Amino acid sequence: MTPELVADGTIMTGFWGVILAVLAGAIRISTPFLFVSLGECLTEKSGRINLGLEGTLVMGAMGGYGVSLYTGSPWLGVLAAGVLGIALGALHAWLCSRPKVNDIAVGIALMIFGVGLAFFLGKPLIKPSAPHLPAIPLGAWSSFPQVRAALNINILFVVGIGITLLVRWLLTRSRWGLVLRTVGESANSARAMGYDVNRVRLIATMCGGFLAGVGGSFLSLFYPGSWNEGLSSGQGLMAVALVIFAKWDPVRCLWASLLFGGASALGPALQSVGFNQGYYLFNAAPYVLTLVVMIATSSSERALAGQPAELRVAR
Amino acid sequence: MPTTLAMAEASPAKRLSAVVQAAAIPAAAIAVSLALFGVFVGLFGANPIQVFHQMIRGSFGTWFSFQNTLQRSAPLMLTALCTALPARLGMVIIGGEGALVLGGLAAASVAYLMPASSPLTVKVMMVAGGLLVGGLWIGLSAALRAYRGVNETISSLLLNYIAIAILNFLVEGPLRDPASLNKPSTPPLADDVMIGSLPGLDVHWGLAFGLVFCVVTYVLMDRTVFGFSARMVGGNVRAAQLSGLRVARLMVVTAFVAGGAAGVAGAVEVAAVQGSANASLVAGYGYSGILVAFIARHNPLAVIPVSLLLGGIGASGGLLQRMFHLPDAAVNVLQGILFITILFSETYQGRRLVFKRRPVAAPMPKAGNENMVSA
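Those sequence lines, one after another, are chains A and B. According to this note's numbering, the residues represented by the first sequence are 103 to 417, in order. According to this note's numbering, the residues represented by the second sequence are 84 to 458, in order.
In short, the hints are calculated from the structure, not lab data. Being a predicted model, the structure only gives us computed values, none of them experimental. Some clues are possibly wrong.
Which stretches of chain B does chain A cover? Using the computed rule of at least three CB atoms under 8 angstroms from a CB of chain A, they are [claimed, not checked]:
| hint | region |
| --- | --- |
| 1 | 230-240 |
| 2 | 248-256 |
| 3 | 368-374 |
So the derived label-pair ranges between C-beta atoms look like this [unchecked claim]:
| hint | chain 1 | residue 1 | chain 2 | residue 2 | range |
| --- | --- | --- | --- | --- | --- |
| 4 | A | 117 | B | 119 | 55 to 61 angstroms |
| 5 | A | 226 | B | 119 | 18 to 24 angstroms |
| 6 | B | 257 | A | 173 | 46 to 52 angstroms |
| 7 | B | 121 | A | 331 | 20 to 26 angstroms |
Note that the Cβ used here is the ideal one computed from N, Cα and C, for glycine as well.
Chain A with its partners taken away, still in its complex shape:
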């Protein structure tokens, strides 16, 4: 993340400027976190970890940008990103359904494959500029340009909140969610009840891939809003930690994403008010935060609250 992307026209300075920039960043940067973590949450609830969502995110960013460029419709780009995510999710689920294949290792492989393929196919997309996703100017009432910029909220963020509630409803209130959680808690019980464990996990991983791909398209089609090889700073991987932090609860995923978005905006926000000391250390804030949270919430004695039991067996 380059500083000039966040510091758009700094007039409001000092403490409140930083607070505002962090809040603005929380909303803007959190969207990809939100989509990927919801996808990961769904996948993990079925009892599998997909570390490959980083690759899915980057593929989604590349594919979404490319389709938006060639069709002129950013929404088709978002859809294409989701479809790419479904394909990668299906590949992950199919590989993991083979005996003796480790889901974590497959995730790392798909991360390398997805990122490599996106860089390969995305070479011609670095220069041209594709149409962006529209934003809702909720801050039009304000005379401060920062407030206006901060409240220039993308539709995908609003969609993300809707999907959060939908995923929560699906998981806790629907028959489909109950089957999914059964598979995640005890594959043997689910099998005894006549459910096809691999099929349930396939669907969960494909849905997770769809969400991660859409999250990637936000990166290239809204913020930062271009395609290049340094686009993702590991959001797809941090989402995995974020799900642990959120205790496998979709609504908590939303809060955690906002927190991580704010932490990511801290370094650039401080720099924009002339506080340059340790700028690069502040860039590490989201990673340090994740690590601290994981240390604080983990325990070697008891299982984590909310963790699907099948993940414990897999460890």
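Got chain A sorted already, so can you dock chain B onto it with the hints?
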């Protein structure tokens, strides 16, 4: 890995057939992934036969390209150990990149802090510094797993990003050489403390470090009581705990050795290639090392040929770009295909496809039990 435990007690003929099978399946997977890559480049208008021809020319075909391959394989051997050794205890550590970066940073700092010492002392301290810092970094990840139950895959990955942030902070701030304008770097190393080439070769000493580390860690993991205990943790943690092994200590010590290897890779990168610590350290050797470790099935000796193969693929990347106008990421695509195919081939391990023999139920080896008591 339970199969290797059982292997140690099997008859020489059975052992050979198991080794052949363990090697034949990855070899077949490599062939399949090359074929898939051929189809892939074919889709982009390149002639697969010519691509393979140029890849061989650019990696092993000439003495010059072979030396390039050797040079590239050296850091891969070391970063592969960073994943391979903890994997023997059932830990998936992917923090090689961070350990390499910090190892390089440590080497540059040592050279910066000891300007008056003799060149040999500085050289030794640079490598030792890289080993120590890399070891502590990955050791931390294992300690968090052992004592706090923190997922080591995620923590080692986060530590990668934190290490890169520390590198950026130091080379842009306290350790920045004012003369490095376009590419912020630490002050360059004096010529006499640079680690040179191996005698008679155009390949730096990192290759020797890589080979020695692979052989030594092989002996450690496969021929000592320590290694046996470590593998037992990987086979069954509960059984290891019940037989009185100090699981947490085994995890942390193994991870220290593993991270130390990656740290040395970073130190060599600084002291033999770059001449200072800068962003060039973040070259993806850590991530390629993960791939090497998985292809080598976490066997330190197998890491050597696999590193050569991956080093060769890396060395031929430039030629692919020049001759066929394929993006440089073509190499990454091939690595991804390789990784996926290798993992897929794991399904066939131990199935004895060619060597028809009834599956042997492996009882706990007798000698092993004695080892456990003494451990």
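Task: Distance restraint evaluation - residue 257 (chain B), residue 173 (chain A), Cβ atoms, bounds 46 to 52 angstroms - done: Check passed, 49 angstroms falls within 46 to 52 angstroms.
Task: Per-stretch coverage check for the region 248-256 of chain B, three Cβ contacts closer than 8 angstroms to chain A - done: Holds: 6 residues of the region 248-256 of chain B have a Cβ under 8 angstroms from chain A.
- [ ] Establish whether the coverage given for the region 230-240 of chain B by chain A is satisfied; the threshold is a Cβ-Cβ distance below 8 angstroms, and no fewer than three residues must meet it.
- [x] holds (count 9)
Task: Hint check for residue 119 (chain B) and residue 226 (chain A) - Cβ pair distance inside 18 to 24 angstroms - done: For residue 226 (chain A) and residue 119 (chain B) the Cβ distance comes to about 23 angstroms; the hint holds.
Open item on the list: Is 20 to 26 angstroms respected by the C-beta to C-beta distance linking residue 121 (chain B) and residue 331 (chain A)?
Closed with: The hint (20 to 26 angstroms, Cβ to Cβ) holds, given that residue 121 (chain B) and residue 331 (chain A) are roughly 25 angstroms apart.
Open item on the list: Taking 55 to 61 angstroms as the stated bounds, is the beta-carbon spacing between residue 117 (chain A) and residue 119 (chain B) within them?
Closed with: holds, 56 angstroms
Task: Outcome, coverage of the region 368-374 of chain B by chain A - at least 3 residues whose beta-carbon is closer than 8 angstroms to one in that chain - done: holds (count 3)
No hint from the list above goes unmet by this structure.
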